[in-house]
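Chemist: Protein sequences, first through last, are from chains A and B.
Under this note's numbering, think of the first position of the first sequence as 1, with each following residue one higher.
Under this note's numbering, think of the first position of the second sequence as 1, with each following residue one higher.
No more than 30 Å apart at the CA atoms, straight line, and that leaves these computed lysine-lysine pairs for DSS-like:
{"no.": "1", "chain 1": "A", "residue 1": "K36", "chain 2": "B", "residue 2": "K26"}
{"no.": "2", "chain 1": "A", "residue 1": "K44", "chain 2": "B", "residue 2": "K69"}
{"no.": "3", "chain 1": "B", "residue 1": "K26", "chain 2": "A", "residue 2": "K44"}
{"no.": "4", "chain 1": "B", "residue 1": "K26", "chain 2": "A", "residue 2": "K40"}
These are calculated hints, taken from the structure and not from any lab test.
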Amino acid sequence: DTAVSQTPKYLVTQMGNDKSIKCEQNLGHDTMYWYKQDSKKFLKIMFSYNNKELIINETVPNRFSPKSPDKAHLNLHINSLELGDSAVYFCASSPLTKVTEAFFGQGTRLTVV
Amino acid sequence: SQQGEEDPQALSIQEGENATMNCSYKTSINNLQWYRQNSGRGLVHLILIRSNEREKHSGRLRVTLDTSKKSSSLLITASRAADTASYFCAPQTSGSRLTFGEGTQLTVNP
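I would like the entire structure built from these sequences, with the hints used as guidance.
Modeler: Now the structure itself:
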């Protein structure tokens, strides 16, 4: 049973396209996140949702729009893809407590050509 | 939020040796967590140490926390080739947001 699952695992697309990455967690967690990991392995938080509501929106271009249809899902839609968007995107979830661990998905490697 | 800074950036050891990685942070924390990332995979939680704890063990892992120096260390004893991975620390100040640095890339040579 996969706790946090992302699809697709790999995504290759051309500049200017619009794409979505889906994330689902079956842990019953209230909080979900999107992280971006660049080629230097630096993990940067992009968004955080708590019970379908946006609570963190770091400095991310507005071409990135998260959508949470319910608390088990947090999808990431990216418009007008650019070369610099190439990275690995990770979804994660955690319970709504102050001291807790996060559970990560396997990542989506996005390559923009 | 704040991120931890892991040191060294890369570490290469022989199987059976111990590996020590360090993490420094800037402000007061509620807890600090260590995660492992195998190549091409997501992060996996290893251990959490609270601000009022000084040391914690989990199997071959030993974590220390020195809040006066704002630093933590992760010791892996009797390393194995399967321990090859990137290791990240995540100091947590409030809420549930976790921020990470660039990690320490550990290579354990058989």
